[in-house]
Amino acid sequence: MSDLETRERIHPGTAPGEDIALEIIGDGDFDTAEMTLSIGPAHPATHGVLRIIMEMDGERIRDAHPVIGYMHRGFEKLAEHRDYRQIKALVNRHDWLSGFANELGVALAVEKMLEMEVPERAVWIRMLLAEWNRILNHLMFIGSYAIELGAITPMFYAFREREDIQYLLESATGGRLHFTYNQVGGIKVDLPKGFLQQSTDIAATIRKRLQDYKDLILGNEIFQARTVGVGALEREVALAYGVTGPTLHATGVAEDSRVTEPYLKYGEIDVTVPVGEHGDCYDRFYCLVHRIQASLDIIDQVHDAMPSGPVNQKLPKVVKAPEGWTYLRIENPLGQLGYYLESDGTKTPWRLKMRTPSFSNVAVIPHLLRGTLVPDAIAVLGSVFFVVGDVDR
Amino acid sequence: MTDLLPRAEASLSVEDFLEALAEHVGEQALSGVTNEYDTLTLHVEPGSWVEVARVLRDESAFGFDLFDSLFGVDNRDEGFRVVAILYSTSTGVRVLLDVNVPGGRDAPVLPSLTGLYAGANWMERETWDMFGIEFNGHPGLAPRILNVENFEGWPLRKDFFLASRVAKPWPGVKEPAETDEDGNVVERETLLGDAPGPTDLDKAMADHAKAVNVAIAEPAVEEAAESVAEDVAATEAPEALVELEPEPEPEPEPEPEPEPEPEPEPEPEPEPEPEPEPEPEPEPEPMAQAPAEPPVAAMVAPWPLGVGFEDEAVLEGELPDLPPDDDPASGEPEGRL
Amino acid sequence: MSAVLSQLAVTPSILDIDNFWGAVGLKILLILPLFFVVPLVVGYMEHKVMAHQQDRLGPMEAGPHGTLQLVADGIKFIQKEDIIPRAADRWVFAMAPGVALVPAILIFFVLPVAPEVWAEDLELGLFYALGISSISVIGILMGGWASANKFSLFGGVRAAAQLIAYELPLILAAAAVAIQAESLSLVDIVNSQATFMLGNTEINLWFVFPQALGFALFYVASLAELSRPPFDMPIADSELVFGYMTEYSGIKFAMFLLTEYGGMVSMSALMTVLYLGGWQIVPGVPLPGCDGAGGIFDCGALGILIGGGVTLGKIFLLTFIMVWLRVTYPRLREDQLQKFSWTVMVPLALINIGVVAVGKVAF
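Residue numbers (my numbering), protein chains in the order written: chain B, -10 to 382; chain F, 273 to 609; chain G, 792 to 1154.
Treat the hints as calculated values from the structure; they're not laboratory data.
Be careful, since some hints might not be right.
Here are the computed lysine to any residue pairs in the SDA-like style, where the Cα-Cα straight-line distance is at most 20 angstroms [claimed, not checked]:
(1) F:K430 x B:D72
(2) G:K941 x B:K197
(3) B:K254 x F:G364
(4) B:K197 x G:Q844
(5) B:K203 x G:D846
(6) B:K101 x F:N307
Sequences are here, hints too, so could you generate the full structure?
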């Protein structure tokens, strides 16, 4: 805006050269403009298609509104048209990093309604694979969180580990990401020969390499400067939103379904739940890394206790759940995954509600982002672990 | 070392719990209690919905601080139900609150729990998006949270039909549930919201699958199969798919006219006359020229390419009639509602 | 013209032949490979070093072991479509890479590479080098603003703030060197490292030894000047897609990248000259064939070649460490970056100057 125009705006009618008395417009502060920035839906920082509309004042965020639904695939509706044999291939896919845990949940729900006894060996194998899936999931988040903060190397190390585990799981289930291994009443086939030996070896390798992650990431001063004290979540807020998983443990609440409502055989082994203190990004990441360690301990215990025997049972031609409903919650790697299964006696569910951990975790993001800077927002977004498919189903 | 949360000293038994609750909210608040399959469900009267939740959250005897989820369930003609799940980290008890939403299927309305639990915000938005249930006192149900903003309809209602199931039957290998032990297709009555029952195309595919399975199970018994084929050919059954001699022109199965909307009682003989369609492919020649191939392949003609999928126009002859995409009736089979 | 230049130039280089235009041509021939070839080699080294530190191989296809990868990249950039966003300010958008790139080339004007091999030895060589390198900031700001993209704007503003903040420690550290060398001419600085008078004895003293702190400060500040990790907030690619470079494609983008790599080389070369003794192999060991003072001047052809090789070696060592830091560290947040500069680095730089000044007077 030229001088003349400015003058015209403030004092219309004065000619150049005339004295003007300066008039302050506004209340004396700088007139800054608020900016609305949309992070996403396609953005390197969000895990998948999540859009966050941020109203910003400079680099500070005044308000944030997540917009979800970009990956809504109608899983709950589709589930109503799947029988209990087909449904596991569907529920695999809403949280694609923890496919086994999802199938496990729905299988356990149906078994609960049918009051079915699952063979022992199947139970232990389920636990083994569930824990491997948990490690797989957490490794991915270690890599992706580090790269969001700018450390490009841990991603490669994490994926190297993931390749080993995926190879292992592929040898048993045939899948690297979507396993389709659980069945109502057990698992599909028994483990291949040499699986337990290889599982032990890989567990030992990862345990050794976990120390690297602790030193290079948790111990890195710049990482600590970026995450300590950033995005602190209070315990009451977390509980009111229904946040679960490492995000909740970081606030100090050790609410873990494996411990509080043991399913499978978690009641018979030792399960460690790492908790944090302040609920900030550092604590969430700390819980993540130490959960891997806890899972490795569980895997060792399962190796020792694995019995022999059948792994599945003969099912009737049609698996029909009796009338009624049940709610079952298991510990997904990202939090607590709940399945509400209501059946009207036929072979497809009447209603299958998937209570996904990521939905509640993402719901708390506006609360966390208010008042932070953009780089902190990225740090917070990465630390509230979620998978967009889980949020939207 | 297993960390256990500090549990309240005396976790209440179900009876004590209900008694204590009745003391706080009164007897009329609950219309019933169910405790099946390890799931404690309180059936709450709509008028006391918020009160019960508030009592469960605030009273230290209960302490339900973790808001698990809230969602809707279609309840057929009675309308909808809303289920809220609360969990107490201090006592480890989980309770489901179930309420019949007043207003029926036309105008379901329920008070909102957002004031009590912040997590109810998105949950109620999703319930509204999926079922159309309005929540009084909610800060803002629109825009739609999961579906597209200009979506029309309430997807999870049972009268909102899954389009892919209406347009074509389940392709692929026949589901075992639709056949009995002998491989014959079982008819069943389909209720509101059920997966559509088997259509005639389904039956045709089932019979073909059965024929293949029979052929695989007994490959050496060619004579028996031949005799069966003769019988079949003699009766001119419409589902004659089994071919036991490598014929230059195998008869593909006839195209019955399946109704894409499964009627509760499909007529037993809507099958049209079989119209043998000469397939232009030279497929039988390799079968005849390769005697080393297992006899199975020679005994049963393959399922004609494209039948049951979109490119059915490839085939000549009668094709199953599908409603056009813009047909408003295509979503509403008769006799369902 | 040459009369004017001879007023400014202090020590004639081997390229100052009698024919003026011939001399100019030779000097251009010196600078061009320095600017276009050495950054490409540094870029290749970065690819390979990053890859091996990340447990993978890096480029292997283009050329043997991927040596021609960056040549292939250059050809790719040249043939790309030049996209200008519709809302962008066309002229500013187009000029920004140039404004960022040209100063990066001009800095090589004064850098001495080998015995008597430099383009010009200005009496204020150091001043000129640091001043010229600051002009690139304008190009970055122009790019960030003219892109009509909120992320680019973020990147541009962050870059401006960061570069201004880190100019100060850079200049203060360099000033300490100038104090110790008693000259601003880069050739004189190299010379004084070889023939340093400590008391009454002439010793061979690379300035990195008494001014290790200054070296560290200069190194960190130059990382920030170049927007290299851990100071790459302006380009934070997990937040801002690519900061001020987001909307650029094709040759303009290549120019920005060349600015970055060229800056790495020029800053490393500057550090070599200021702190690591220039083209000396080891303190005290004269270059073969050199008769001049300290064993680094009046060299024959062999000495020149070896000297050039030594400088390049030191440049590669310093850039290797820059790449190493990139692979290891996450990035600092903008305000932490600024706080670090103003509250830690500037006071340390001032202390450094104080110590050097006292030492200079005392000894």
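Hints, one by one, checked against the model:
1. F:K430 x B:D72: holds, 17 angstroms
2. G:K941 x B:K197: violated, 44 angstroms
3. B:K254 x F:G364: At roughly 18 angstroms apart (the allowed maximum being 20 angstroms), F:G364 and B:K254 satisfy the hint.
4. B:K197 x G:Q844: holds, 18 angstroms
5. B:K203 x G:D846: holds, 18 angstroms
6. B:K101 x F:N307: Satisfied, since the Cα-Cα distance of roughly 13 angstroms is no more than 20 angstroms.
Taken one by one, the earlier hints fail for this structure only at number 2.
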